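Going down the list, the protein sequences come from chains A and B. Heads up, the first sequence is in this note's numbering, so the first residue is 1 and it goes up one at a time. Heads up, the second sequence is in this note's numbering, so the first residue is 1001 and it goes up one at a time.
Incorrect hints may appear among the rest.
Here are the computed lysine to aspartate or glutamate pairs in the EDC-like style, where the Cα-Cα straight-line distance is at most 20 Å [to be verified]: (1) A/K103 to B/E1157; (2) A/K103 to B/E1158; (3) B/K1123 to B/E1050; (4) B/K1025 to A/D97.
Some chain B residues judged to face chain A by a derived CB distance under 8 Å, without partners named [to be verified]: (5) V1055; (6) V1140; (7) L1144; (8) V1155.
Simulated from the structure, these hints should not be mistaken for lab results. Treat the numbers as computed from the prediction; the structure is a model and nothing was measured. Cβ atoms here follow ideal geometry from the backbone N, Cα and C, with glycine treated the same way.
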Amino acid sequence: MTITLQLFLLVSAALFCIGLLAALSRRHAIFILIGIEMMLAAAGLNFIAFWRFGPQPAPATGVMVTIFAIAIAAAEAAVGLALVIAVYRHYRTINVDQIDQLKG
Amino acid sequence: MNSVVFIVIAILTLAAALAAATLPKLVHAALSFALSFVGVALFYFLLGAEFVGLVQVFVYVGAVAVLIVFTILLTRRGAEEEHGFHWSGALIGLAVFAGLTWAILRSSGLSAPAPTVAAVTVKRIGELLMTDYVWPLQCVGLILTAALVGAMVLVMEEKR
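Okay, chain B solo, but in the shape it has when bound (with noise of 0.2 Å):
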């Protein structure tokens, strides 16, 4: 692993998160968080694993970022562009994390090198779907379809 590549996509990654998090205009958090959810998926290709790269980038930056800015659109009307910040969830934020960073630099045995892996292919993934794993799978496909129906059933205009 390239360590100049780790460190732009790390910069990438965080830059543009802490910007989602703290831009006022909520389009710009909305572009900016599709951004860090690329740099998240970099992460992914980098360390071996392209496939949840491939679906992270398809989930996040294909679905749920248009997602969030069609919700952006519909509910902008009358909703003042200025909201409050509330500086405690800085503080607690920076607390939680010196607190991460004090426990990790604290374990051993987290600077070995990388072990050279057999990569994981689509085939293996497909295989493991439908053999170890076809039980959470039956239970992913019933909640994806339970989210659908809520949603539709949520945003559905009352009949009065």
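For reference, chain A alone in the conformation it holds in the complex (with noise of 0.2 Å):
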């Protein structure tokens, strides 16, 4: 068995929809934030495959959108948790099904 683009094509696809699983039915804002990143890291290993197996162009593009995805990536965890902390302090959970006040 030769590996293709395919079968890493649909690792990502599966990896993307784990983390939809968990932003979608987990009802803990942390679980939520683990799924979006799960996601972002679908798409960077989407990239890199991408970039691996295409023609050949001199400049690396995948790679270099993979670097800068994950350094958003990290800002993004960064906020949301700082968020989840803000949120925690106020309403003394943070299960996101309670959280439904627009009023602070």
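Can you join these two chains into the complex? Each is in its own frame, and there are hints to help.
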């Protein structure tokens, strides 16, 4: 069996859907963030796989895009977790079903 | 590329991701999350993007997983361990996976073997960051600074 682009795409599709499952079905805010991070990682895996299997241009576009995506995902995680802590201080819970007021 | 290595990494990544999505205990899920990102980094190594794999390990396993564990510890008091699980999310996930699989399997031209490629060295990445990608690099620096300041403002105690 040779490793083809198709296999990488299937693995990253599975990773994306597991992240979607975590973001949609868990009621805990941290799990939703974990699911979003998984979906971002699946997108990065797709970028690298298409870069590796595509016709080889001189610039390493897929590598650069993935590096920037990782940097932005780290910023997103930091702000998201700070929001979780702020919400917890205010409501004493981080179950997203119980956080349903717009008024602070 | 070795197919046995590929299958082992794929099983590791997907099993750890599934555990992170379904385990009821938060700390277990956070550790599974770190393990699944190690698997993704191994995929990057397998694909010949060593620098991206290292960045993935440093940023996710080193920083984001520790941040998640910190947040879990800070927000644990008073929060009950058992939370609801919405099965509609699992249904939507399965439907999306079926759609993506159908699209991938129907596309032609995806089964070509990988061409031999010159390795992307760290030197080349540094050159690209300083020439072609200098504008995105500046924007990412701005975003990271804004995220740092924003996170600190969000968690600061309100003075009343």
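Taking the hints in turn, this is what the structure says about them:
{"no.": "1", "hint": "A/K103 to B/E1157", "in the structure": "holds (19 Å)"}
{"no.": "2", "hint": "A/K103 to B/E1158", "in the structure": "holds (17 Å)"}
{"no.": "3", "hint": "B/K1123 to B/E1050", "in the structure": "holds (13 Å)"}
{"no.": "4", "hint": "B/K1025 to A/D97", "in the structure": "holds (18 Å)"}
{"no.": "5", "hint": "V1055", "in the structure": "holds (6 Å)"}
{"no.": "6", "hint": "V1140", "in the structure": "holds (5 Å)"}
{"no.": "7", "hint": "L1144", "in the structure": "holds (5 Å)"}
{"no.": "8", "hint": "V1155", "in the structure": "holds (5 Å)"}
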